[in-house]
Amino acid sequence: MRNVDAAGLGIGDDHPPRIMGVLNVSEESPYDPSVYDDPGEAAAYVDEELIGEGADIVDVGLESANKDLDVLSAEQELDRLDTAVETLESTSGDAVWSIETRYHEVADEALSRGFDMVNDICGFADTEMPRVCREHDVAVSKMASPPDLERPGAVEDVDDIYEALSMNGLTDKTILDPAFGGWSEAKTHEDDRETFHRLREFRGYGRPLLVSINRKSFLKTIAGRSTEEALPVSLAATSMAVERGAHVIRTHDVAETRDAALVGAEFARDRHDSRGDSDAVGVEELDVTTVREAERHLDRIGAPEAARGDRGAADTAVVRTYKLTGLDDPAVGALRAATVGDDATGATFALGDPNRAAAATPSATDGGTGGASSGGDDPADGRRGLLIATPAALDSVREAVSGASRALDAAIDGIDRHVS
Numbered sequence: 003m004r005n006v007d008a009a010g011l012g013i014g015d016d017h018p019p020r021i022m023g024v025l026n027v028s029e030e031s032p033y034d035p036s037v038y039d040d041p042g043e044a045a046a047y048v049d050e051e052l053i054g055e056g057a058d059i060v061d062v063g064l065e066s067a068n069k070d071l072d073v074l075s076a077e078q079e080l081d082r083l084d085t086a087v088e089t090l091e092s093t094s095g096d097a098v099w100s101i102e103t104r105y106h107e108v109a110d111e112a113l114s115r116g117f118d119m120v121n122d123i124c125g126f127a128d129t130e131m132p133r134v135c136r137e138h139d140v141a142v143s144k145m146a147s148p149p150d151l152e153r154p155g156a157v158e159d160v161d162d163i164y165e166a167l168s169m170n171g172l173t174d175k176t177i178l179d180p181a182f183g184g185w186s187e188a189k190t191h192e193d194d195r196e197t198f199h200r201l202r203e204f205r206g207y208g209r210p211l212l213v214s215i216n217r218k219s220f221l222k223t224i225a226g227r228s229t230e231e232a233l234p235v236s237l238a239a240t241s242m243a244v245e246r247g248a249h250v251i252r253t254h255d256v257a258e259t260r261d262a263a264l265v266g267a268e269f270a271r272d273r274h275d276s277r278g279d280s281d282a283v284g285v286e287e288l289d290v291t292t293v294r295e296a297e298r299h300l301d302r303i304g305a306p307e308a309a310r311g312d313r314g315a316a317d318t319a320v321v322r323t324y325k326l327t328g329l330d331d332p333a334v335g336a337l338r339a340a341t342v343g344d345d346a347t348g349a350t351f352a353l354g355d356p357n358r359a360a361a362a363t364p365s366a367t368d369g370g371t372g373g374a375s376s377g378g379d380d381p382a383d384g385r386r387g388l389l390i391a392t393p394a395a396l397d398s399v400r401e402a403v404s405g406a407s408r409a410l411d412a413a414i415d416g417i418d419r420h421v422s
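With positions in the sequence shown counted from 1, the corresponding number in my numbering is that position plus 2.
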């Protein structure tokens, strides 16, 4: 994973999660607490509510990206830039200042007048944006978007987000944003939930990730909350996003989001990384939990398997573990035969001891009644065991055990449908 230096602020796996607080100088922005048109009032808000509560980055929006509103021209955005610059100059706190824009002219002017980085909500649809960011040597957040300056973030098919992030290339200091929110009529809450579920996949570019999920509708509808009531669901999702690999969280609720992000970072899996020694072979353990995530990393390094469309390497990159219950003798025999010998590479089966209780007596705190247990959630008949296999090995197991037991065939087929 490449780390990015944003005006001295480190962003990436080697650094704590960073909090991006939001300031809008656009009267049409929907979230009133962050909207200011007076530089003095805006500076006080930044010092007290953003930097004062732990924001590492202040992201200044010159216009609302609401799909129902007219898009401002670069000239109209430039007319509002004075307020943003005066706010920056009036602020006493220390933070990295980001300008949110889709236009290279606006980015160039803002960076020349004191801003430190760019938040491009159209993902380099303006093909001059990467050049400007390189010339100023600044970090740039690139949001997944169609190649259209009037349709920021409107990538409706989740499968297309990954490719959209590569549109017009990347700079050495690019941070990627998969674009959550209702950017188009065709994009649904379910699409956003799938994007969140697949967040690790976007680490496949080896670049830091930014997520903007604060009080978003795809979270609010899970709990049936209004925008004003949606802070708890935002914080829950923030911890999950950081645990899944997000590096920057964009938010209006800085103090609370910072705490949630730190919790997510604390309980993220500790992956081995020994890339610091230049005289040794570098090792970076990747955060891979699905075949698709493994495929993204194959694409990134240009592996021949990826070029041929061969999923072999990806299929062996992930290990799955399943507890099987209700096994009869033919099923046990078939699983044992399928997971021993030279042809069983990548799969193993461990049969449980029938004399050992499957679960302790449930307590009231565990949701039980406190009465006697004869085996927890396992069926009364049959035996139980663990099947451990890579996705590729599961295909071999499925073929090997086919016909031994109708119930086992159905179970393995169900596993196969969900393995990727």
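Please note: incorrect hints may appear among the correct ones.
As the list claims (entries may be wrong) - Using C-beta positions, here's what the derived DEER-type ranges look like: (1) 325 with 267: 39 to 47 Å; (2) 18 with 151: 52 to 60 Å; (3) 330 with 186: 50 to 58 Å; (4) 353 with 267: 56 to 64 Å; (5) 304 with 186: 17 to 25 Å; (6) 268 with 129: 39 to 47 Å; (7) 282 with 357: 30 to 38 Å.
In case anyone wonders, no lab produced these hints; they're calculated from the structure. Think of the CB as a built atom: it goes at the ideal place given N, C-alpha and C, for glycine as much as any other residue.
Here is how each hint holds up against the structure:
1. 325 with 267: 39 to 47 Å: violated (31 Å)
2. 18 with 151: 52 to 60 Å: Between residue 18 and residue 151, where Cβ atoms are some 34 Å apart, the hint is violated.
3. 330 with 186: 50 to 58 Å: holds (52 Å)
4. 353 with 267: 56 to 64 Å: violated (39 Å)
5. 304 with 186: 17 to 25 Å: violated (33 Å)
6. 268 with 129: 39 to 47 Å: With a Cβ separation near 41 Å, residue 268 and residue 129 satisfy 39 to 47 Å, so the hint holds.
7. 282 with 357: 30 to 38 Å: With Cβ atoms ~50 Å apart, the hint is violated.
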